[in-house]
Amino acid sequence: DGGITQSPKYLFRKEGQNVTLSCEQNLNHDAMYWYRQDPGQGLRLIYYSQIVNDFQKGDIAEGYSVSREKKESFPLTVTSAQKNPTAFYLCASSKARGNTEAFFGQGTRLTVV
Amino acid sequence: EDQVTQSPEALRLQEGESSSLNCSYTVSGLRGLFWYRQDPGKGPEFLFTLYSAGEEKEKERLKATLTKKESFLHITAPKPEDSATYLCAVQFSGGYNKLIFGAGTRLAVHP
Numbered sequence: 001d002g003g004i005t006q007s008p009k010y011l012f013r014k015e016g017q018n019v020t021l022s023c024e025q026n027l028n029h030d031a032m033y034w035y036r037q038d039p040g041q042g043l044r045l046i047y048y049s050q051i052v053n054d055f056q057k058g059d060i061a062e063g064y065s066v067s068r069e070k071k072e073s074f075p076l077t078v079t080s081a082q083k084n085p086t087a088f089y090l091c092a093s094s095k096a097r098g099n100t101e102a103f104f105g106q107g108t109r110l111t112v113v
Numbered sequence: 114e115d116q117v118t119q120s121p122e123a124l125r126l127q128e129g130e131s132s133s134l135n136c137s138y139t140v141s142g143l144r145g146l147f148w149y150r151q152d153p154g155k156g157p158e159f160l161f162t163l164y165s166a167g168e169e170k171e172k173e174r175l176k177a178t179l180t181k182k183e184s185f186l187h188i189t190a191p192k193p194e195d196s197a198t199y200l201c202a203v204q205f206s207g208g209y210n211k212l213i214f215g216a217g218t219r220l221a222v223h224p
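If you read the sequences in order, they're chains L and H. End of the first sequence = 113 in our numbering, gap-free, step of one. End of the second sequence = 224 in our numbering, gap-free, step of one.
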């Protein structure tokens, strides 16, 4: 089955730690995205990538980093510089041309302990 | 400023009671408007894409419509399994494939 796989489903981070969230897709999509979801707010874009080895900051990139070494993979690192990292993180992908609806993974819930 | 606003924030319906959810937007050059359904603790599930004013899409009890400034998601004779948060998102010219999301409408359908 084609789709987007995020792991882990739940992640706990201690103060001062960096953590990495995994996102893999087998839809052969060129574009991939990371969103953050907080209660009562819309999804906010952290980073996006249109092609391998290229990515751009979204609206709330501070304290986050990404890489895009393979078409299928777009991992997100939440660094210690992110002061309020507790949130639900969603990865998505879409075609670069034509119908560009985005398809989402099942999310990773990150909690600071 | 590009913005997407959904209303109401929450909606409670009795089973079989039809209603509509609203998504209004202020973006320059709409490229597409998307509706998603999100269940608690899950990722959004794609429902519809609308590209131009006057366009309509249907799927089971759901029907999405689009005007120049807003979209409606009509729910006809809803069932309890339609309970979810419904998200609206827009793409705009110059934003590549970036999606701007509204905060969503939480729908609860009671038997």
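Simulated from the structure, these hints should not be mistaken for laboratory data. Positions of the beta carbon are idealized from the N, C-alpha and C atoms, including for glycine. Certain hints may be false.
To be verified - Residues of chain L placed beyond 10 Å of chain H at every Cβ, according to the derived structure: (1) Leu11; (2) Gln41; (3) Val52; (4) Glu69; (5) Glu72.
To be verified - Derived pair list, reagent style EDC-like, types lysine to aspartate or glutamate, alpha-carbon separation capped at 20 Å: (6) Lys211(H) / Asp195(H); (7) Lys95(L) / Glu158(H); (8) Lys155(H) / Glu24(L); (9) Lys211(H) / Asp59(L); (10) Lys155(H) / Glu171(H); (11) Lys211(H) / Asp30(L).
Said to hold, decoys possible - Distance windows between CB atoms, simulated: (12) Asp30(L) / Glu114(H): 26 to 32 Å; (13) Ile51(L) / Arg125(H): 43 to 49 Å; (14) Pro75(L) / Lys176(H): 35 to 41 Å.
Going through the hints against the structure:
1. Leu11: 14 Å, holds
2. Gln41: 6 Å, violated
3. Val52: 16 Å, holds
4. Glu69: 21 Å, holds
5. Glu72: 17 Å, holds
6. Lys211(H) / Asp195(H): 28 Å, violated
7. Lys95(L) / Glu158(H): Satisfied, since the Cα-Cα distance of roughly 16 Å is no more than 20 Å.
8. Lys155(H) / Glu24(L): Holds - the C-alpha atoms of glutamate 24(L) and lysine 155(H) are around 16 Å apart, at most 20 Å.
9. Lys211(H) / Asp59(L): 10 Å, holds
10. Lys155(H) / Glu171(H): 23 Å, violated
11. Lys211(H) / Asp30(L): 13 Å, holds
12. Asp30(L) / Glu114(H): 26 to 32 Å: Distance hint for aspartate 30(L), glutamate 114(H) holds at roughly 28 Å.
13. Ile51(L) / Arg125(H): 43 to 49 Å: 45 Å, holds
14. Pro75(L) / Lys176(H): 35 to 41 Å: Once the Cβ atoms are compared, 39 Å apart, the range 35 to 41 Å for lysine 176(H) and proline 75(L) holds.
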